[in-house]
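Chain by chain, the residues:
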Amino acid sequence: MTKPSFVYVTYIRTSPEQLWQALTDGSLTRQYWAGRRIESDWTMGAPVTFWFDGKVSDSGKVLECDPPRRLSYSFRVEFVEALRSEPPSRVAFEIEKLDAQVKLTVTHDEFEPGSQVFAAISGGWPVILSGLKSLLETGRAIEFPTGSCDARRAKEEA
Amino acid sequence: MFKALADRSRRQLLDRLHQENGQTLGELCRRLEMTRQAVSKHLAILEAANLVVAVRRGREKLHYLNPVPIHEISERWIGKYERHRLQALAALKKGLEEEER
Chain A
8 MTKPSFVYVT
18 YIRTSPEQLW
28 QALTDGSLTR
38 QYWAGRRIES
48 DWTMGAPVTF
58 WFDGKVSDSG
68 KVLECDPPRR
78 LSYSFRVEFV
88 EALRSEPPSR
98 VAFEIEKLDA
108 QVKLTVTHDE
118 FEPGSQVFAA
128 ISGGWPVILS
138 GLKSLLETGR
148 AIEFPTGSCD
158 ARRAKEEA
Chain B
802 MFKALADRSR
812 RQLLDRLHQE
822 NGQTLGELCR
832 RLEMTRQAVS
842 KHLAILEAAN
852 LVVAVRRGRE
862 KLHYLNPVPI
872 HEISERWIGK
882 YERHRLQALA
892 ALKKGLEEEE
902 R
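Heads up: the sequence lines are chains A and B, in that order. Residue numbers 8 to 165, in the numbering used here, belong to the letters of the first sequence in order. Residue numbers 802 to 902, in the numbering used here, belong to the letters of the second sequence in order.
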């Protein structure tokens, strides 16, 4: 068993079903996942594709799918040329209901030793998870920083 | 969360996990001048504040720094226009302080 590289936990006032939908529905992920629209039919082994600006930004395959409790897929960065050659890592979401809240645990592991993907994405998860929490609790994700292409896109679509 | 952070030993534990994520209680004790009981007590407080997450791996319990609540606090008070300027200031401070050494 390898040691997980990241383990993140956030508590969200929502239901497991709504959280599951927010993780698997592309029209929702694009609101909090830096504009990425996720696409998959969520069956075992099915491809998972992240779309951004009409291009594939990341890709993977469904490894576990037990709605609304556990979801896991492999994860390969396609957007950045230098990172494309790295073998895929693994992302897992675990959802537990606690009264009126849901505990979400995100584990990201199976990186290559010295992985550049690891370095590139290590700051990203807290931002994505804050956005996810905000979207589910308030109906609005946190706004993108201005000046980024994501922000410009969001403005154009508004 | 602020109560959990308002203690030097606990901030030190978070620093250790920031350097190397996913450590056992034993590993954390080895590098600190604290008893096992004290470390264990501080970890429980950090876990209750969701600043540390413990994950079982076989017989071991690994501790991870969970920066999500800290990020949520910064989202609350740092405006979207200020972020880049604050980053520039932090980089300037870091650069100047390193030069002095």
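Simulated from the structure, these hints should not be mistaken for lab results. Virtual Cβ for every residue (Gly too), placed ideally from N, Cα, C. Take the hints with a grain of salt, since some may be wrong.
Restricting the straight-line Cα-Cα distance to at most 25 Å, the calculated cross-link-like pairs of lysine-lysine (DSS-like) are [as the list claims (entries may be wrong)]:
1. A/K62 <-> A/K10
2. A/K110 <-> B/K862
3. B/K894 <-> A/K110
4. A/K10 <-> A/K110
5. A/K110 <-> B/K895
6. A/K10 <-> B/K862
7. B/K862 <-> B/K894
8. A/K10 <-> B/K804
9. B/K895 <-> A/K104
10. B/K804 <-> B/K842
What follows is a list of derived Cβ distance ranges for each label pair [what the hints assert, rightly or not]:
11. A/D106 <-> B/R857: 21 to 27 Å
12. A/G121 <-> B/T825: 20 to 26 Å
13. A/K110 <-> B/Q838: 24 to 30 Å
Confirm or reject the claim that A/K110 and B/Q838 have a C-beta distance inside 24 to 30 Å. 28 Å Cβ-Cβ, so the 24 to 30 Å window holds.
A/K10 and A/K110 were given as a pair; does the straight-line alpha-carbon distance stay at or below 25 Å? Distance of about 21 Å is within 25 Å: holds.
Assess, step by step, whether the Cα of B/K894 is no farther than 25 Å from the Cα of A/K110, and give holds or violated. Violated, because 37 Å separates the two Cα atoms, which is more than 25 Å.
Distance restraint between A/K10 and B/K804, which requires alpha-carbon spacing of 25 Å or less: Between A/K10 and B/K804 the Cα gap is close to 30 Å, so the pair fails against 25 Å, i.e. violated.
CA of A/K110 to CA of B/K862, is that 25 Å or under? Holds, because 19 Å separates the two Cα atoms, which is no more than 25 Å.
Given the hint that B/K862 pairs with B/K894, test it: the Cα-Cα distance must not exceed 25 Å. violated (37 Å)
So if I understand the rule, the pair passes when the alpha-carbon distance is 25 Å or less; does A/K10 with B/K862 pass? holds (11 Å)
Holds or violated: B/K804 and B/K842, Cα atoms, limit 25 Å. holds (14 Å)
Cβ separation of A/D106 and B/R857, checked against the hinted range 21 to 27 Å: Given about 23 Å between the Cβ atoms, the range holds.
Hinted pair A/K62 and A/K10, Cα distance within 25 Å: violated (32 Å)
Is A/K110 within 25 Å of B/K895, Cα to Cα? violated (36 Å)
Do A/G121 and B/T825 keep their Cβ atoms within the hinted range of 20 to 26 Å? Distance hint for A/G121, B/T825 holds at roughly 23 Å.
When held up to the earlier numbered hints, the structure conflicts with 1, 3, 5, 7, 8 and 9 and fits the remainder.
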